[in-house]
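Undergrad: So the chains spell out like this:
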Amino acid sequence: MAKIELSHGSGGNKARNIIKDIFVSKFSNPILNIPDDSAKVEGDLAFTTDSFVVDPIFFPGGDIGKLSVCGTVNDLSMKGAKPLYLSVAFIIEEGFEIDDLEKIASSMAKEMKNAGVLIVTGDTKVIDRKNIVPQMYITTSGIGKIPKGIDISSKNAEIGDSIILSGTIADHGIAIMNARNDFGFKGDLKSDCACLNGIVGKFISKDVRVLRDPTRGGLAASLNEIAEASGVGIVIEEEKIPVLPQIKAACDLLGLDPMHVANEGKLVAFVKHSYADKALKAVKSHKLGKNAAIIGKAVKELSGVFIRTKVGSLRPLGMLEREQLPRIC
Amino acid sequence: MEVCGTHTVSISKNGIRGVLSKNIRLISGPGCPVCVTPQGEIDAAIELSKKPGVVITTFGDMIRVPGTTSSLEKEKAGGADVRIVYSPLDCLDMAKNEPEKEIVFIGVGFETTSPTIAGTVLKAKEQKINNFSVLSAFKLIPPALEAISNAKDIKVDGFILPGHVSTIIGAKAYSFLKIPGVIAGFEAWDILRAIGMIVEMMKGLENSGGAIHELPVQIQYKSVVRDDGNPAALKVLYEVFEAADSNWRGIGIIPGSGLVFRNRYKSFDALRRFKVKVKNAKEPRGCACGKILKGALTPFECPLFGKKCTPDNPVGPCMVSSEGACSAYYRYGKN
Amino acid sequence: MCLAIPGRVKSISGDISEVIFSGLKRKVSLKLLPGVKVGDFVLVHAGFAIQTIDKNAAKETLKLLKSL
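Residue numbers (my numbering), protein chains in the order written: chain A, 43 to 371; chain B, 2 to 336; chain C, 1367 to 1434.
What the hints contain is simulated information worked out from the structure, not anything from laboratory work.
Accuracy of the hints is not assured; some may be wrong.
Chain B is faced by these chain C residues, among others (derived, beta-carbon under 8 Å) [unchecked claim]:
{"id": "1", "residue": "1380"}
{"id": "2", "residue": "1395"}
{"id": "3", "residue": "1398"}
{"id": "4", "residue": "1400"}
{"id": "5", "residue": "1419"}
{"id": "6", "residue": "1423"}
Yeah, the Cβ is synthetic: ideal placement off N, Cα and C, and Gly gets one too.
Bound-form chain A, shown alone:
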């Protein structure tokens, strides 16, 4: 009998197939069938949900609380919506330190104020301890309002669109991996966890067609999902992708490709070509967008995602089937 494996949750192909085959097929409806991070309901509302199970709970650059607020605020922002209200549900294992719970709640409150959203309802459950170190899990749902004239969806990319990346990639995934395992690396390896509604507000317009925050599966996964949903080809330039030097060093040492590593405070935007320079300028004017760059474009002549390498050759950039593991060879 087939069983669920960890790889089914990693954001790669295996995960997508489980969602498609089991959930989407049974729940199917026109709203759900659009593969976006948020659903558009009642004309101009965006509605989304996300669960947070990160381990360790506290990591450089944030904690599970901050992540749970930013993750859902970002899913709403990626639909072009102004995030308004969040709900929060806690599942806490018996034995969890109350001090830690206070820290997490404070973190969430801070992020709530930062993003200008309100947590308006919630739930708390305590369950039997299942882990040696008691864990907690958070689910947040959110509602936001989509401004008139804004239509943002993974299926909206058009040939010729410019692709803007708001900053450096792989920061979050590397910070988590380093915090989780004892690889002995010391340095500024910090998650980029942040709410993106501020930066979206700077450049949102009718000329913005797709917004995505590349979380699990990294930039490669998001680009592949957009290419498939929109039916366009994508070409990105390897040299244009920003990576912090210490993150690149950690990726090199562990044999990881930053393109497949998770981010929690970055977005990728497909904008009408004529709007690209203006949009880039606006993104760069925000403190979270200082390293933004135009990294490529949507094209007609190819199917799927391709990357132009340093030597000028074009090669496919697929999604991974599951999470990358560190390697020595």
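Fit chains B and C to the known structure of chain A by using the hints.
TA: Showing chains B and C alone in chain A's frame:
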């Protein structure tokens, strides 16, 4: 032919094949240590993981490789204590901090990696750590190169030689080669330059009528490869290990191509310590990895490639390992 | 088959050094490479320094590659 998994990946990732002229064909050799490790060794690692009190430590590369019926990742999901480490030295800290456990390191790799485990064993001896041992599945590159050079079913005109293995063994280790060889770095430009140097050497051979009296291996990766390699590392390696015949998956036994513990270090040999034997395992049906590892077939020519055998459902080792030819070709395409 | 990364030796204590890789620090064993000095650039694999990097050779290679 490139004989280093990291070269295979770099060539595919950088789209090198796409910028070469049509008369140059790159084929991949047995440079992926995970791919050439027989299933029996993986089964032995899994058997060790089931012993009470044993902690299996490994590089990430080995964790998903399927043995006959299971993998270290599956055993971990089933409750075995399997941990990924960046350095074998990290095992010694574990051994000291958890004296009630037996720390076993799964040793797979070529001459870049085996000296690091030898160094770790010497350190363990110095510090009188007696709950640490190693399953040695280490292999040596030069005997494999010699076997390929002599094989009747492959025609190789030149070797792109492994960059980091050569930092240890030195250019002199390849003096038996009768065809051009260049030790290359790993950036796209390094590999392209090395290919250029091989072509120059081949032209030189043509001009001298194909007679080879002395064909010195050339070094493109000059910043770290020397003629005599790293003698200190080799001394450490052969203090702990000695060469022995070894079974290369899909190729068969290559004489003197593997490393086994010397008798005086037998307490660090996990197989002897836990009385585990490596058994012969049958290859999966239809799998062409053996021919692919020798460069006799390209991944595209395997009937299972991309159909029954994908990274999601790998049949053979060339697809499981991220450095395997099949995995690289699948992921990065024809170029 | 072997990922090895260049780094600079920041400090040495016995046969253990601290090596910096673009702002990232790690303990690296010098057991396979005695004679390394602080300030040297070394190639690191699996937590061990396996060779010193000849900076002149590296510069020469870079010059050659840039001309390609």
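Undergrad: Hint by hint, where does the structure go against what was stated? Just the numbers, ascending.
TA: 1
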